[in-house]
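**Q** As a plain string of letters, each chain reads:
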Amino acid sequence: MTDKMHVKLNVNGEDHEFLAEPRELLIYALREKLNLTGPHVGCETTHCGACTVTLDGKSVKSCTVFVAQANGAEITTIEGIGNPDNLHVLQEAFREHHGLQCGFCTPGMITRATKLLEENPNPTEEDVRFGMAGNICRCTGYQNIVKSVLAAASELNGAKEAAQ
Amino acid sequence: MIPAKFEYYRPTDLAGVISILEEHGDDARVVAGGHSLIPMMKLRMADVPHLIDIQDVEGLSGISVSDGTVTIGAMTTQAELIDSADLTAAAPILREAALQIADPQVRYMGTIGGNVANGDPGNDMPGLMQCLDASFTLFGPDGERKVPARDFYEAAYMTEREDEEILTAISFAVPNGGYAYEKQKRKIGDYATAAAAVQLVMEGGNCTFASIAMTNLSDTPIWSEAAADALTGTSLDGAAVDAAVEAMLGDIDPTEDNRGPIEFKRHAAATILRRAIARAASRA
Numbered sequence: 001m002t003d004k005m006h007v008k009l010n011v012n013g014e015d016h017e018f019l020a021e022p023r024e025l026l027i028y029a030l031r032e033k034l035n036l037t038g039p040h041v042g043c044e045t046t047h048c049g050a051c052t053v054t055l056d057g058k059s060v061k062s063c064t065v066f067v068a069q070a071n072g073a074e075i076t077t078i079e080g081i082g083n084p085d086n087l088h089v090l091q092e093a094f095r096e097h098h099g100l101q102c103g104f105c106t107p108g109m110i111t112r113a114t115k116l117l118e119e120n121p122n123p124t125e126e127d128v129r130f131g132m133a134g135n136i137c138r139c140t141g142y143q144n145i146v147k148s149v150l151a152a153a154s155e156l157n158g159a160k161e162a163a164q
Numbered sequence: 165m166i167p168a169k170f171e172y173y174r175p176t177d178l179a180g181v182i183s184i185l186e187e188h189g190d191d192a193r194v195v196a197g198g199h200s201l202i203p204m205m206k207l208r209m210a211d212v213p214h215l216i217d218i219q220d221v222e223g224l225s226g227i228s229v230s231d232g233t234v235t236i237g238a239m240t241t242q243a244e245l246i247d248s249a250d251l252t253a254a255a256p257i258l259r260e261a262a263l264q265i266a267d268p269q270v271r272y273m274g275t276i277g278g279n280v281a282n283g284d285p286g287n288d289m290p291g292l293m294q295c296l297d298a299s300f301t302l303f304g305p306d307g308e309r310k311v312p313a314r315d316f317y318e319a320a321y322m323t324e325r326e327d328e329e330i331l332t333a334i335s336f337a338v339p340n341g342g343y344a345y346e347k348q349k350r351k352i353g354d355y356a357t358a359a360a361a362v363q364l365v366m367e368g369g370n371c372t373f374a375s376i377a378m379t380n381l382s383d384t385p386i387w388s389e390a391a392a393d394a395l396t397g398t399s400l401d402g403a404a405v406d407a408a409v410e411a412m413l414g415d416i417d418p419t420e421d422n423r424g425p426i427e428f429k430r431h432a433a434a435t436i437l438r439r440a441i442a443r444a445a446s447r448a
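Note that the protein sequences, when read in sequence, are chains A and B.
Quick note: my numbering has the first sequence finishing at residue 164, numbered continuously throughout.
Quick note: my numbering has the second sequence finishing at residue 448, numbered continuously throughout.
Keep in mind that the hints were calculated from the coordinates and are not lab data.
Treat the hints with care, as some may be off.
Claimed, not checked - The list that follows gives simulated cross-link-like pairs (lysine to aspartate or glutamate, DMTMM-like), each with its CA atoms no further than 25 Å apart:
1. A:4 - B:187
2. A:33 - B:415
3. A:58 - A:3
4. A:58 - B:222
5. A:4 - B:383
6. A:33 - A:14
7. B:351 - A:127
No experiment lies behind these values; they were computed from the predicted model shown.
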């Protein structure tokens, strides 16, 4: 049996190389090897979406990917989307519209929402609910999350129009 | 949740896949999107000493529609099925079904090949493939062979695929007429309590062709020839639909589980099939 393999990941624009067992789940490699603790371990069973990252352009639950499968991939986590000094429009919208209470699901929510808005910059409320269906929140009742994503969409579209 | 150790392989061609399968037999498993297999490995319900990741194998993804035949590479994801305008024009029932599978994150990873090859009775595509009379292309040490979807499933997780073979593609004739994929589930992301795939052709108010398959109501998908026969040659009047539902109920064999007792599942199956027939007829 292979003990450990060389793994190369590009995470948030930075190259990383480390040794890992192929069976290590991507979420643990990100959190424990790279110290990126934004993506959370929620259910660990592909249901809750707290561990969502963007992997080669796809929203993925990183508890359901072996680090070996991600070898060579480009990954974006919440740390690559915004930071306290420079919030992403979605983060600002979640704050403004009370899209979070405890905040545990929020990194996964926002990471998923960035991809959703990239693919569908003008979503309807139904599009947002359907597109965010892989992320579970136990606090908000979703209403304010949907409001936040819609507000961010219109903010991003406004900025685009202003730039033109 | 840590799976047992495994040896990891990432071959770049089919010959590489087959040689590992030949060497390790049923100790080896192919992983495509991994969203059925990895959860099973994490729960240690699947023991996979040799894991063959086929993401780098050329030629296993993509959708083509030509000469009235749809061919879909095994590594094509559910998200790609949903986004394909060509596929939706040729066989819109695939998009309708794929949108009801799991959730967005899972659909980016989950593949049609994994969905049909795994043999999980809860998966949606096997029943749909039986409804469309699709055939599966299997590649092994002796080359390629095709198996009809209606002959592929033997029991839960038991299929016609030999240990040394890999499913590389599915194909089916462009369907005619109206369609519907109806699914009853407890919540987004769940497997079906009951689901029905229906294709119907209507000519001058008469049903000239019907195909009906049911999902998660037996240990395999159920293509109900008797249900389709009950509709063919009728105007889809109430008596014909009742007869089709009765015939379908005679073919399924649901078991009690956390989705409900047998009687409830039979009730759900009947309701779902009625809805699917009505919707397919409205589009025929």
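**Q** Hint by hint, where does the structure go against what was stated? Just the numbers, ascending.
**A** 2, 3, 5
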